[in-house]
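Using the hints provided, position chain A relative to the given structure of chain E.
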Amino acid sequence: MIHKFSQGNVNIVLDVNSGAVHVVDQLVYDVLDYYPDHTKEIVVDFLKDKYNGNSILEAIDEIDNLKKNNLLYTEENYMKHAAFKNKKTIVKALCLHIAHDCNIRCKYCFASQGDFKGDRSLMTAKVGKKAIDFLINNSENRKNLEVDFFGGEPLMNFQVIKEIVEYGRSIEKKYDKNIRFTITTNGVLLNDDIMDYINQHMYNVVLSIDGRKETNDTMRYTIHGDGTYDIILPKLKKMAERRNHENYYVRGTFTRFNLDFAEDVLHLADLGFKHISVEPVVAAAENDYAIQEEDLSKIFQQYEYLAEACIKREKAGSGFNFFHFMIDLDQGPCVVKRLLGCGAGAEYLAITPEGDLYPCHQFVGNDDFNLGNVLEDNLDTSIYNSFANAHVYNKEACNQCWAKFYCSGGCHANAYNFNKDILIPYSVGCEMEKKRIECALTIKARLMEEEER
Amino acid sequence: MKHIKTLTGANLPKSAVKGGCGECQTSCQSACKTSCTVANQQCENK
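Chain order of the listed sequences is E and A.
All residue numbers for the first sequence refer to the UniProt record's numbering, where the first residue is 1 and numbers rise by one.
All residue numbers for the second sequence refer to the UniProt record's numbering, where the first residue is 1 and numbers rise by one.
Among the clues, some could well be false.
Said to hold, decoys possible - Straight-line alpha carbon distances no greater than 20 Å define the calculated SDA-like cross-link-like pairs of lysine to any residue that follow:
| no. | chain 1 | residue 1 | chain 2 | residue 2 |
| --- | --- | --- | --- | --- |
| 1 | E | 274 | E | 242 |
| 2 | E | 68 | A | 9 |
| 3 | E | 434 | E | 400 |
| 4 | A | 14 | E | 2 |
| 5 | E | 107 | E | 284 |
| 6 | A | 14 | E | 16 |
| 7 | E | 4 | A | 9 |
| 8 | E | 213 | A | 9 |
| 9 | E | 130 | E | 162 |
| 10 | A | 5 | E | 61 |
| 11 | E | 173 | E | 200 |
| 12 | E | 213 | E | 225 |
| 13 | E | 237 | E | 284 |
| 14 | A | 2 | E | 107 |
| 15 | E | 87 | A | 43 |
| 16 | E | 213 | E | 259 |
| 17 | E | 67 | A | 43 |
Said to hold, decoys possible - Here are the in silico distance ranges between beta carbons for each label pair:
| no. | chain 1 | residue 1 | chain 2 | residue 2 | range |
| --- | --- | --- | --- | --- | --- |
| 18 | E | 271 | A | 2 | 28 to 36 Å |
| 19 | E | 75 | A | 2 | 22 to 30 Å |
| 20 | E | 70 | A | 2 | 19 to 27 Å |
| 21 | E | 270 | A | 2 | 41 to 49 Å |
| 22 | A | 23 | E | 8 | 34 to 42 Å |
| 23 | A | 2 | E | 394 | 15 to 23 Å |
These are computed hints drawn from the structure, not numbers from a lab.
Bear in mind that the values here come from a model prediction, so they are computed numbers and not experimental data.
Here a beta-carbon is modelled for each residue, glycine too, at the ideal position from N, C-alpha and C.
Chain A with its partners taken away, still in its complex shape:
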């Protein structure tokens, strides 16, 4: 495409199919203790 470059595709619908296992690390155990942030966590069930 000439005007649009796609950086990343539709990853959320795919993750809903495989997701929800609950094995990923809770966000408070990574770095933050006040602004618990989920999006910079990792899925551990690739």
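Same shape as in the complex, but just chain E:
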């Protein structure tokens, strides 16, 4: 299987199963519409009005050369590969819902403004320590473990965060583990002491802001209804600076209200942030802010515009990382990881303040997906196994898709929320992801061309 596309005056051909990426001229791009499905003679006949016959045969020779070297139209056999066939799913990451409470109100919040449709509650140190025990006991021989402090707003329960981190640090060496703590915060409660603590103990920090003031304040406001932009911006900038602009992301959400979201990304870059992620809201179609299928053409145009801006800024020495355009063509994740996807419900679980286990933060509150409780140290293996087996090869739509090794089957929660089946991906999300991959490949190709000049 191959995928070919043109963007920004570059023709790109992706060999899906090998991961090889080629930049081709217009002649090869056109020949690939007919070859190898048709014979050389027929291809020459099809294209003789546009190209010289010898040039067409020359292009076909180059295509044949790539095929011979397993760089084009390669066969797929990963399902039979030992690394995939013998894979063993082990819990290695937790999303700790340290607070089912929040100090701001976001219109699009999947957590129902922080309480996850239940009573507002904070995790106790007892539950947090049990969660660490659960992770260590269920991670077998994995060394690298991850624990994300999430909410609601986790800093509303800062003392318990410190106790959990201290507990994790006190036992990780004994079990030959390396626990990486991370935190996702809206930034309202950040002060110098908390920043120092986070910079000392948190491997990564996600800081929530949606972009321009009017964008952010339309969706993110205090309990009194005031926008949060002016409150959080100085704190987020200080936080990024104190981390030497490493290991953090400012993370925004775009909605139907700001389909010109590229301007929000560039605004964040202009503010000096170097690591930026702005993503489409996931919401049921009846919400006025939800992305609709008819919005896709505008969104695609914005991604292309943003890709051009990324290229321009990179060349000018003022580049930034846009999370969804990051793609490592030489040392990305292995093919096994790409097939298994994000790991939600299998290697990654969410834990509520009461200790209940769910496949991920997006499933919290849905009793059909309650996997057990860390206080009782039990795990529903039937739900667990259904997620462990929700890989690319078990998703019919993904199996035929050129993007499968890049998107890894998409988000289980989105699939369930839109299709009531974790094996049927959310199609609007698929289209956006495919566009982002094309943009990422275009950026790579264009910058490579610039380097060679």
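What follows is chain A alone, placed relative to chain E:
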């Protein structure tokens, strides 16, 4: 080659031979909380 420039070679088959150690960071721990994306992660077992 005159008409084709290869940007990157066949990296997936190679990664299947060495891959699957499971030590890499889960995608939710990096930046995203809604569009969990794997391809922009890094292998930690180079």
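Status of the hints after comparison with the structure:
{"no.": "1", "hint": "E:274 - E:242", "in the structure": "13 Å, holds"}
{"no.": "2", "hint": "E:68 - A:9", "in the structure": "13 Å, holds"}
{"no.": "3", "hint": "E:434 - E:400", "in the structure": "13 Å, holds"}
{"no.": "4", "hint": "A:14 - E:2", "in the structure": "19 Å, holds"}
{"no.": "5", "hint": "E:107 - E:284", "in the structure": "13 Å, holds"}
{"no.": "6", "hint": "A:14 - E:16", "in the structure": "14 Å, holds"}
{"no.": "7", "hint": "E:4 - A:9", "in the structure": "16 Å, holds"}
{"no.": "8", "hint": "E:213 - A:9", "in the structure": "44 Å, violated"}
{"no.": "9", "hint": "E:130 - E:162", "in the structure": "15 Å, holds"}
{"no.": "10", "hint": "A:5 - E:61", "in the structure": "14 Å, holds"}
{"no.": "11", "hint": "E:173 - E:200", "in the structure": "18 Å, holds"}
{"no.": "12", "hint": "E:213 - E:225", "in the structure": "14 Å, holds"}
{"no.": "13", "hint": "E:237 - E:284", "in the structure": "33 Å, violated"}
{"no.": "14", "hint": "A:2 - E:107", "in the structure": "54 Å, violated"}
{"no.": "15", "hint": "E:87 - A:43", "in the structure": "17 Å, holds"}
{"no.": "16", "hint": "E:213 - E:259", "in the structure": "15 Å, holds"}
{"no.": "17", "hint": "E:67 - A:43", "in the structure": "27 Å, violated"}
{"no.": "18", "hint": "E:271 - A:2: 28 to 36 Å", "in the structure": "46 Å, violated"}
{"no.": "19", "hint": "E:75 - A:2: 22 to 30 Å", "in the structure": "27 Å, holds"}
{"no.": "20", "hint": "E:70 - A:2: 19 to 27 Å", "in the structure": "21 Å, holds"}
{"no.": "21", "hint": "E:270 - A:2: 41 to 49 Å", "in the structure": "42 Å, holds"}
{"no.": "22", "hint": "A:23 - E:8: 34 to 42 Å", "in the structure": "36 Å, holds"}
{"no.": "23", "hint": "A:2 - E:394: 15 to 23 Å", "in the structure": "43 Å, violated"}
Hints 8, 13, 14, 17, 18, 23 from the earlier list are contradicted by this structure; the remaining hints agree with it.
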